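Asks: In order, the protein sequences belong to chains W and G. Residue numbers 779 to 1285, in this note's numbering, belong to the letters of the first sequence in order. Residue numbers 779 to 1285, in this note's numbering, belong to the letters of the second sequence in order.
Calculated from the structure, these hints are not laboratory results. You may find that some hints are simply not true.
Because identical chains share one entry, a pair is satisfied inside a single copy or across any pair of copies.
As the list claims (entries may be wrong) - Cross-link-like lysine to any residue pairs, in silico, SDA-like; alpha carbons within 25 Å at most:
| # | residue 1 | residue 2 |
| --- | --- | --- |
| 1 | Lys1234 | Glu1001 |
| 2 | Lys1234 | Ser1273 |
| 3 | Lys836 | Arg817 |
| 4 | Lys868 | His821 |
Quantities reported herein were computed from a predicted structural model and do not represent experimental measurements.
2 protein chains.
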Amino acid sequence: MRTPTSVGVFRIHSGLDYHANAMDMSRTDSIHMDPEEFRKHGHAMIDFIAEYLGREPKRPVRSEVEPGFVRSRLPEHPPEAGEPFESVMKDVREIIMPGITHWQSPDFFAYFPANNSEPSILGELLSAGLGVQGMLWSTSPACTELETHVLDWLVRMKGLPERYLSSGSGGGVIQDTASSATLCALIAARERTDSFESGSSGVNQADSSMITYCSSQAHSSVEKAVRIAGLGTDNLRIIDVDGDYAMDVEHLKRVIKDDIDAGRRPCMVVAVSGTTSSNAFDPIDRIATLCREHGIWLHVDAAMSGTAMLCPEHRHLFDGVEHADSYCFNPHKWMFTNFDCNCFWVADRSDLVKSLSILPEYLRNSATESGRVIDYRDWQIPLGRRFRALKLWFVIRHYGVNGLQELVRGHIDLTAEFARWIEEDDRFQLAAPAPLNLVCFRHVEGDEFNERLLEKLNHEGEMYLSHTRLDDRYTLRMSIGQSRVERSNVERAWSNIRRVASDPGDT
Amino acid sequence: MRTPTSVGVFRIHSGLDYHANAMDMSRTDSIHMDPEEFRKHGHAMIDFIAEYLGREPKRPVRSEVEPGFVRSRLPEHPPEAGEPFESVMKDVREIIMPGITHWQSPDFFAYFPANNSEPSILGELLSAGLGVQGMLWSTSPACTELETHVLDWLVRMKGLPERYLSSGSGGGVIQDTASSATLCALIAARERTDSFESGSSGVNQADSSMITYCSSQAHSSVEKAVRIAGLGTDNLRIIDVDGDYAMDVEHLKRVIKDDIDAGRRPCMVVAVSGTTSSNAFDPIDRIATLCREHGIWLHVDAAMSGTAMLCPEHRHLFDGVEHADSYCFNPHKWMFTNFDCNCFWVADRSDLVKSLSILPEYLRNSATESGRVIDYRDWQIPLGRRFRALKLWFVIRHYGVNGLQELVRGHIDLTAEFARWIEEDDRFQLAAPAPLNLVCFRHVEGDEFNERLLEKLNHEGEMYLSHTRLDDRYTLRMSIGQSRVERSNVERAWSNIRRVASDPGDT
């Protein structure tokens, strides 16, 4: 028997004297951060985050640093010897923080909410600490089973159809983003359309090409998925929208007919429930009828707004989702769960799994072969996966269904109120309906004025708004869904908007 | 001016009396976890992780629960009212932990190291707390700039070619996994091969099809990428390997020639530096010569073993990487960084960005238009991204280059020692060279015996090994790279292997 020594994992630090700077001198032989140090720095990090998420305003909301600000303050070369954690945190405060745009500020109204919560942060922390790899059921059963369970819970919480349950023909899985969900749906749709020829022989868009459909307001990820999947953007049909920026189903119908008449094969329609640009809702029910008639895969992208289905009174916006082949929404947008966490369901998991399944010998195991378990590796683009279900479970248990409903309703009420203020002010007008948590509006003075208004507001730093174009007109977007937004934040924003509109300056 | 009230974000809890169970009663009106509660539960979570990563053995290393164990202990329906965090943590201990396979145990020798560290966990925690969205430079400049900076550091730390620096024609980006890196490389290669026709017109594999090459030992993600990208697995050429399981370049040469003669278009070769199955190294240099000759994209997948490049004495294994078009490795495998964190470099970023770039109006901004910034959205499959560079930066600063080298060298020394023990024992034989941190070996008694040996060892729970097949023979894999593995763990494993080999039982 050899004497146990500690090859490679302990050492006396050479070079910079790291531990001489640390407060705990009890274990100076460890190259790793020892448990006491970890506790100390971990508690301090928790306190740092508690303070960050606290009531003190974070200004400017949009980071105003110039390109290169952060890099110019970092050393050109990495350290040869390890450094005290205190030095790292000093640089976080002095170099990183000025370059942070405060997505978690209650004065952040840009893009979309990326709302977060303490239970979610703790779930992410636990996931990082356990450090399991959930590619297979067998590589950490709890990682897979909790995910399946929570996604089944969400089916019921959102009133989604029974066939999305894992006990039915379908099931849910956590993806990083809705972009990946759309790509997975498109791959499955492509294979179903093509009798799984594309996966083996390769796509052949020269003959009877496969066509994807979405409205002009759908997310850019549809175009990206079509490119990645080898279908080509020429085979993406951009369908017109009506006055409310929802898909014009009559146009869709005509385009599908033209494609079929020309010998092309309709493959997938992406219906959007809550477009990024203006929060428009495509009429899923009528789109689903068309899809059923022609055997087209219907994917519903509710990334932005799917959280509203937690509230029965808002489910009418999603009517028809029960006929979709796949559906996704982002808890990392509006359900208090930190990025990344997209929930994606399919009505029939076999198409998806068959499209993405590959089993090399080194991953074979008896659980997989028994057919009694889910291996989520076959439900996504990557092989590896972390334990993301923890944070989702923590969020649902901390808030409960009632708590989540109450928060979402609060955001929707604030949004409705802001929309009324816009309507009541002659200088402003609504640019689109505001059914949930986004108000698109503009000042009557026209594009150049609105652009200056936006830039001045953002530059002042008390709030952050973004923009879009609707009907080719520059349009301001006020997204109200941050975890800690209160009426006072929205009121102050409106007061700032009116003030700056009275004197938008020259730039 | 309206009176600020707190619509939607505060309430008196109804239903289950949540806060009555909490210790801090000072803010019972908050539906969110208030700062004091967060500090309390956060500190407790840090302590939980400190204990989990501590010296107490975690048994069984491989979770031994039956399918359904976790789900059967969870309630069928989600809670209507919020629950105390203590209840959640009770369930973590009682329901989740038995279903955890302990990837962070120093007795985990299965698959590959997914090693982790305290600085990395703190980086992930900070990333979750800041909750920024790094899709564009402008959505949080620090998120992009730190990533670029750290990936430039790594170019130097690993002796990679200058053109991988962001200041050159290339640059690096963090992907979730090597699977996604391979897919991104393949999309760029496909577009370059096809003059960007595939992205617009769609792939047409019926004529002069585009061909991808990898050895029989390459990772399954190559086949998956070929499917996803629409190239089809029929157009993936599986190249023979030599006696050491490295790609047979003469075979590659013949197959490329046959394809060219038949009017097909070689598109990409994936060379693997450290195969998953046996840690074989394809001869990049000779492959690169062939690729240059025919204008084929060369992607080097060093997911498993790229960390070894931190040590100059091991860089010879990667000779020729300076000629690759793209290269990736996984800090989340062997560089003490928790999943997910794959580092991916391209020699010429323009092909990649052109292949994946889409810019809708709502993401337009002056920084992007100035051309002075990187928008990593165009370097990856998804749109959104979290601040993963923080953990990588924390790891490099905590350990320093010297510390990382020392740990890696320790693993390599332990592996060499274990390989020697195998060689010295007549009952066992090495099944492949063991250049770094993986030993493939088998008992001389044959497949069925080895299978029983593995299962008994894993079932006992003191260690966890996995297997592969080499030359169609069942082969045990001993992967030595966990953060806290010491000589004593490897010695105990060897002692267990010998004991069980003397009496492997029946099943």
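Asks: Hint by hint, say whether it matches the structure.
Replies: Structure-based check of all given hints:
1. Lys1234 - Glu1001: neither (33 Å within a copy, 51 Å between copies)
2. Lys1234 - Ser1273: within (14 Å within a copy, 71 Å between copies)
3. Lys836 - Arg817: between (27 Å within a copy, 20 Å between copies)
4. Lys868 - His821: Both, since 16 Å and 21 Å are each at most 25 Å.
The structure does not agree with numbered hint 1 stated previously, though it agrees with all others.
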